[in-house]
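Visitor: Produce the entire structure from the sequences given, and follow the hints as far as they go.
Protein sequence lines, in the order shown, are assigned to chains Y and H.
Following my numbering from start to finish, the first sequence increments by one per residue and tops out at 387.
Following my numbering from start to finish, the second sequence increments by one per residue and tops out at 835.
These are calculated hints, taken from the structure and not from any lab test.
Keep in mind that a hint or two might mislead.
Calculated cross-link-like contacts (lysine-lysine; reagent style DSBU-like; alpha-carbon spacing at most 35 Å) [as the list claims (entries may be wrong)]:
(1) Y:Lys266 <-> H:Lys552
(2) Y:Lys182 <-> H:Lys667
(3) Y:Lys336 <-> H:Lys646
(4) Y:Lys57 <-> Y:Lys266
(5) Y:Lys182 <-> Y:Lys266
(6) Y:Lys186 <-> H:Lys646
Just some of the chain Y residues that point at chain H, by a computed CB distance under 8 Å [to be verified]:
(7) Ser88
(8) Val92
(9) Trp274
Model, not experiment: these values are computed from the prediction.
All C-beta atoms in this analysis are idealised placements derived from N, C-alpha and C, irrespective of residue type, glycine included.
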Amino acid sequence: MEDDAPVIYGLEFQARALTAQTAETDAIRFLVGTQSLKFDNQIHIIDFDDENNIINKNVLLHQAGEIWHIGASPADKAVLTTCYNRTSDSRVVSCAAVWRMPSDWETGSHESPDDSAHNPQTLELLCHLDDSAHGNAACVLWEPMGDGKRVISLADNHALLWDLQESSTQAKVSSTATLEGKGQLKFTSGKWSPHHNCSQLATANDTAIRGWDLRTMSQIYCIENAHGQLVRDLDFNPNRQYYLASCGDDCKVKFWDVRNVQEPVKTLEEHSHWVWSVRYNHSHDQLVLTASSDSRLILSNMVSISSEPFGHLVDDDELSEGEDNHQEDKSKEPLKDSVVSTYEEHEDSVYAAEWSSADPWLFASLSYDGRLVINRVPRALKYRILL
Amino acid sequence: MDVEVDSSEGVPEEAGRRRRVHGMLKLYYGLNEEGKAPEQPLSLDPCDINGPHFDPELYLNKLRRECSLAELMDQETCMVKQIRSLDSDMQTLVYENYNKFISATDTIRKMKNDFKKMEDEMDCLSTNMEAITDFSARISGTLQDQHAQITKLSGVHTLLRKLQFLFELPARLNKCLELQAYTQAVNSHRRARCVLHQYSHLPSFKGIQDDCHAIMDKLAQELRQKFRDGGTSAKDLSECVELLLQLDEPAEELCDKFLSHAWSRLESDLQGLEAEIRPYPVASAVKDASACRSLSTAAAAGSPTDKSPKSSFLPSPTSNTDILEFIDRGCNEFVSSLCLVITSYQELFINHAQTGELASKNIPQMANGKLHVFVDDLAARYFSLVERRIQEEKGVGDNSLLVRALDRFHRRLQAVAKLLPGSTVPNKGTEIVIRAATERVKQYLSALQSFYMDSLTDVRQALATPRLSVAGASVAGGGSHLGSMASSRDAPTSLPELLSSLSASILNQIKSVLASVHLFTAKDITFSNKPYFKGEFCSQGVRESLVVSFIKFVCQSSRQFCESAGDKGGSTPPALLLLLSRLCLDYETSTISYILTLTDEQFLVQHHSPVTPVTTLCAEAREAAQKLLNHYVKVQGLIISQMLRKSVETRDWVNTIEPRNVRAVMKRVVEDTTSIDVQVGLLYEEGVRKAHSSDSSKRTFSVYSSSRQQARYAASYTPSAPMDTNLLSNIHKLFSERIDIFSSVEFNKVSVMTGIIKISLKTFLECVRLRTFGRYGLQQIQVDCHYLQMYLWRFVSDENLVHFLLDEIVGSCAHRCLDPAPMEQSVIEVICERG
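Guide: What follows is the structure in structure tokens.
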């Protein structure tokens, strides 16, 4: 069972922002936002042809500024949000906006693939997610599995819940939550929980992780000193509602049960520098992807704290009916948490990694030097999980 | 002549002269005293006047030839004189002999007359004797009848005396009873018992028997009463039992009674002991302790009721009597009285019964069984008390006391073992000793552990002291007493001294603990030759659960420093981490094997069960050392990182002014790095550098900046190529090895410093990438990086690493710069040198 070689795609610019096109469930598609102070920034739409192992790209211009964060609407393939820096009058301002891709970007690229680089189309601005009172957006979060009408933006020490109206051309702040405390507090990242009817939000600031109830916009839990240093990223387990993964500058990845915030359930220490991103696989939550500035991407198999700690239960039943006992015993062997594989295709710090929304066995990672690598879960593991 | 000589000896008073004369005569006749042949040299000379071969003619001729006239004259007179005296001597002898012969003849004649008279008298005697015999026969014939009668009468007399004894028996018994001469009474009764029993069909005897029975019953009653009272001494008691046994009391009942009585006495002993265990108070040490001892002994002897007041009038809760005293008391009171009970019991019921008629009734077996149950019960209670007392023995100060106490305890139980061969008591006692020993080992382990933690606290304080004194100095006036305190205890504050004092004190502590534990196996201790103390105690107890556990604990606690401190804001001072790391490394290289060898030698361990090998422990220690050192690097790197991060994050790099100086934070970074370098250098060796480290910082830096960097900027200026990512940098990365930032370091200074600098510079890089810079911002970073380059290269193993990372920083900064106009290299150098 030879695993497929990774597919590498190089961008001309440095890049940090990566997301899967959430609303797209058929094609494997990722969106990458570039960072350049001197040239027009771009959004690369990367299509991966799984059968032929070929990448197709389309470029859209994002002239507003360098992109720090990108998010795709879960309802509308064409809608996305970015957080970007705009420089004006020797001042750098962080902004957030909702954009729509031009409707014909796909057809255009197919007709003249060579021209796309030279005459890229431009994103259509739908609305700004800026409030005069709250600046410096760090990231914008879409409501998971929602109808694409609600987003949260984290700006400085505020979490703003926006209602998008009139097919996203107008944004209105429906409620806000403010982090109070000593010093200059600032949200670094956050995640909207897909559980509890999407009524919870988790945010990170400095070394703490906080949970918020969006109905009352009040704090519901707080993990002080979740990491020794800055918390860089969070992700919710898609299947276990109280489980949360976090990563940070202490090189660790921690798994939390938010009902007991004293101790992490599990800690991983595989990276040798800051961990910038942590992502649960959308369907098999034992698979966890972490990206770090040690230029590595690590795929871990966290069976013990997954929603299927003893393997696939349904398959067990099937086995006991049909297969012989030997195989049954084999399948019931306690599975151990382990690092599945370490990917070293990157040469620079990897700031983002994402699972594909279409193929649960495929993921992309993006390093600062603009290298996007698409990898698959090793087949052996894939079959062990499936069978 | 011989006859004459013999007879002459009868007269003693003239013996002297006679002998001389006799000698001369003998000489004359040539006889020596034995009457043998004369001596040859004398006899052969014919001129010898006294010799037998004397020839007068020859002699005369010789004289005439040889001597002068005068001499001849003299010779002649002398000769004449001699002849005369000889003649007179001869006359005297002849006369004397003649006299004797006459008197002898007279005596013989007289004897002849006397014998004749004697013969006549003998004849007369024999006739008289015949007559006497005759008379005597006649008399005895006549007295025959009377003799038989007298014999009969004397027989009757004896019988009557016996009857009288019987008739008087009741009265006598009563009297004995009054006088409490029980032994006599029982003896009397026993003598009469058979007779009375035999003739009981006769009414008179029956009466006597009944009377006796009544009296004896009373007596038995009294004896039983006495027996029950228990106030009597053991000797009295045994006497009692003996008598009762003789009175046919049922032995079983007696055994029970005896034992129950003994029980109550031993019980009071035990209660005395128990009262001592209870944390009741000794007010004024010695006096009260002795008072209470006498009191409790009194209580042990007498009624147990006076124990309740005792605890009330000694109110203040302080320490009990020490364990040796306690065990001593237990031995002297309980064990010895137990032994006494066992001996007397065996004497009474077993040895005694074995000889007598009681043996047939299986009494010894029964008695023995009862005794075993009794002893086991009591011993169990005693043991539980002893164990409770031992458990209270928590302080580990003086082990010898405990060992001596245990030894005494164990030794005294051997007496019981000797008395009662099949008993389980000694085994249980040994078990208690074993349990106490293992418990003690555990206590030592925890004592060692707490000692270790205490030492660490001391080290922490010592490490904090210099800072304290600095603080005191800065506060100046206010903190005068603080400063003096600091100066008073600033003795060993340098790291190597602290390390050596720490490891020495730990080692000493281990040694002293080993010495203490060693007491358990000393030769003069009775239980030391038990198989447990020879084998398992040494290997499992001392080696495994004391020494090995302690070493493991050291490693484990060290590792805990890494884990807890990492998350909760670095509560452990980095210097302590460094120190512990070195300690663990020292343990790995030498201390562990030393300690284990020491243990094995002291305890002569023969390992029957598998023990932890030295290598495993060493590996563990090394792992701990590695982890600590890694953590040290992480913590120190973090401190510097934090400074760099803050300095990058808090500044507005777009609108900064033209750099005139190296930023203060960079100086601080270099200072801190230098002091860390010094600190690490105190404990770790230098380590190996890459060969070209002797290059001056300037030269390498100029290469780095002029060629590579300028080329990079040039690339980014050309607007025709929208290649923002730098080709050169990527090519460089392709061929250079991947740098692991938070990686394991080696046990040397250079490696440690490399690790710290790596972490710091990588942080710098990541922070720079998150910011946007103006022209002067870039220039400031250039200046800062050059400054770092000037000072940091000397700390690391491979200076290319520093170059590369600084390169990356400046490169990234250039990318993040809105107006990338780099500063002239010469200007940078001037600024840096001025700073």
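Visitor: Now, for every hint given, state plainly whether the structure supports it.
Guide: Hint check results:
Among the hinted pairs, Lys266 (chain Y) with Lys552 (chain H) is consistent with the structure: their alpha-carbon atoms are about 25 Å apart, no more than 35 Å. Annotation: proposed proximity of Lys182 (chain Y) to Lys667 (chain H) holds, straight-line Cα distance about 29 Å (limit 35 Å). A hinted pair counts as satisfied when its Cα atoms are at most 35 Å apart, and Lys336 (chain Y) with Lys646 (chain H) does not qualify at roughly 40 Å. Of the pairs offered as hints, the one joining Lys57 (chain Y) and Lys266 (chain Y) is violated, with about 39 Å between alpha carbons and a cut-off of 35 Å exceeded.
Between the alpha carbons of Lys182 (chain Y) and Lys266 (chain Y) the distance comes to roughly 30 Å, so the proposed pair stays at or under 35 Å and holds. Note on Lys186 (chain Y) and Lys646 (chain H): the hinted pairing holds, with a Cα-Cα distance of about 14 Å set against a maximum of 35 Å. Look at Ser88 (chain Y): its Cβ only gets to about 11 Å from chain H, farther than 8 Å, so that hint breaks. With 8 Å as the threshold, the beta carbon of Val92 (chain Y) comes within range of chain H, its nearest partner Cβ sitting at about 5 Å, so the hint holds.
About 7 Å separates the beta-carbon of Trp274 (chain Y) from the nearest beta-carbon of chain H, less than 8 Å, and the hint is met.
Of the numbered hints listed earlier, those contradicted by the structure are 3, 4, 7.
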